[in-house]
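S.K.: If you're matching them up, the sequences are chains E and Z in order.
Start counting the first sequence at 1; every next residue gets the next number (our numbering).
Start counting the second sequence at 1; every next residue gets the next number (our numbering).
Derived from the structure by calculation, the hints contain no laboratory data.
A portion of the hints provided could be inaccurate.
Once the Cα atoms are required to be at most 20 Å apart in a straight line, the calculated SDA-like pairs of lysine to any residue come out as [claimed, not checked]:
#, chain 1, residue 1, chain 2, residue 2
1, E, K13, E, E75
2, E, K57, Z, F102
3, Z, K69, Z, P21
4, Z, K3, E, G40
5, Z, K52, Z, T26
6, E, K13, E, R63
7, Z, K3, E, R67
8, Z, K3, E, Q37
9, Z, K3, E, N59
10, Z, K52, Z, S70
11, Z, K52, Z, P21
12, Z, K52, E, E102
13, E, K13, E, T38
14, E, K57, Z, K3
15, Z, K111, Z, G15
16, Z, K69, Z, K111
17, Z, K3, E, Q44
18, Z, K52, E, Q37
19, E, K57, Z, I101
20, Z, K3, E, E102
21, E, K57, Z, K69
22, Z, K3, E, Q41
23, E, K57, E, Q44
24, Z, K3, E, N56
25, Z, K69, Z, T26
26, Z, K52, Z, T5
27, Z, K3, E, G42
28, Z, K3, Z, T65
29, Z, K3, Z, N30
30, Z, K52, Z, D67
Model, not experiment: these values are computed from the prediction.
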Amino acid sequence: KAGVTQTPRYLIKTRGQQVTLSCSPISGHRSVSWYQQTPGQGLQFLFEYFSETQRNKGNFPGRFSGRQFSNSRSEMNVSTLELGDSALYLCASSLGGGRDYEQYFGPGTRLTVT
Amino acid sequence: DAKTTQPPSMDCAEGRAANLPCNHSTISGNEYVYWYRQIHSQGPQYIIHGLKNNETNEMASLIITEDRKSSTLILPHATLRDTAVYYCIFLHGSGNTGKLIFGQGTTLQVKP
Numbered sequence: 001k002a003g004v005t006q007t008p009r010y011l012i013k014t015r016g017q018q019v020t021l022s023c024s025p026i027s028g029h030r031s032v033s034w035y036q037q038t039p040g041q042g043l044q045f046l047f048e049y050f051s052e053t054q055r056n057k058g059n060f061p062g063r064f065s066g067r068q069f070s071n072s073r074s075e076m077n078v079s080t081l082e083l084g085d086s087a088l089y090l091c092a093s094s095l096g097g098g099r100d101y102e103q104y105f106g107p108g109t110r111l112t113v114t
Numbered sequence: 001d002a003k004t005t006q007p008p009s010m011d012c013a014e015g016r017a018a019n020l021p022c023n024h025s026t027i028s029g030n031e032y033v034y035w036y037r038q039i040h041s042q043g044p045q046y047i048i049h050g051l052k053n054n055e056t057n058e059m060a061s062l063i064i065t066e067d068r069k070s071s072t073l074i075l076p077h078a079t080l081r082d083t084a085v086y087y088c089i090f091l092h093g094s095g096n097t098g099k100l101i102f103g104q105g106t107t108l109q110v111k112p
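Isolated chain E, as found in the complex:
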């Protein structure tokens, strides 16, 4: 079974631009969560989608948004990029997103904002 895939793997953007990252979950998984990882803040939860609905949200500004499609693939968008948005963005998928389901992470997208 193929793992979680994320595209692109690396991205360089300029301040003020916007960016869209993509995540394809493991086949059959309906929950997709997004995380941001920086050296200073560690791994932080952004949001979770299940059956095309945002079910949980972390403490990030509205510039960070996401969506999920009917095939469970998910995208996250960051508008008006800031230097501090430079990070590794990880997505994870699970069967149901409940408390008894493990999450499987993708390799991440490394975003650099200049």
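Since the structure of chain E is provided, determine the placement of chain Z on it from the hints.
M.R.: Leaving out everything else, chain Z in the frame of chain E:
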């Protein structure tokens, strides 16, 4: 948010068992304890999870104390490839599905 306490770093000799402790004194009765690890520059990898009973899989064993306030992850025969940051996590409260709260974790260094 859910709070776990782990030592910041540990060393282990290759071939020996690595025992990684975690305190989670605020855990409630229906919260699972999860362990993940992250090898440098890769996405976190699920290891194991449990509720009350001890659990074992092909990667590790999880020992949960009877009062559930702490647990220990055991890698029975550590290899150099087990060098990673290990995170102990539990999902606190209702509605926090899909939301893992990562602390600083324990950096395990396996030495030859």
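S.K.: Kindly indicate which numbered hints from before are broken by the structure, ordering the numbers from low to high.
M.R.: Structure breaks hints 7, 16, 18, 21.
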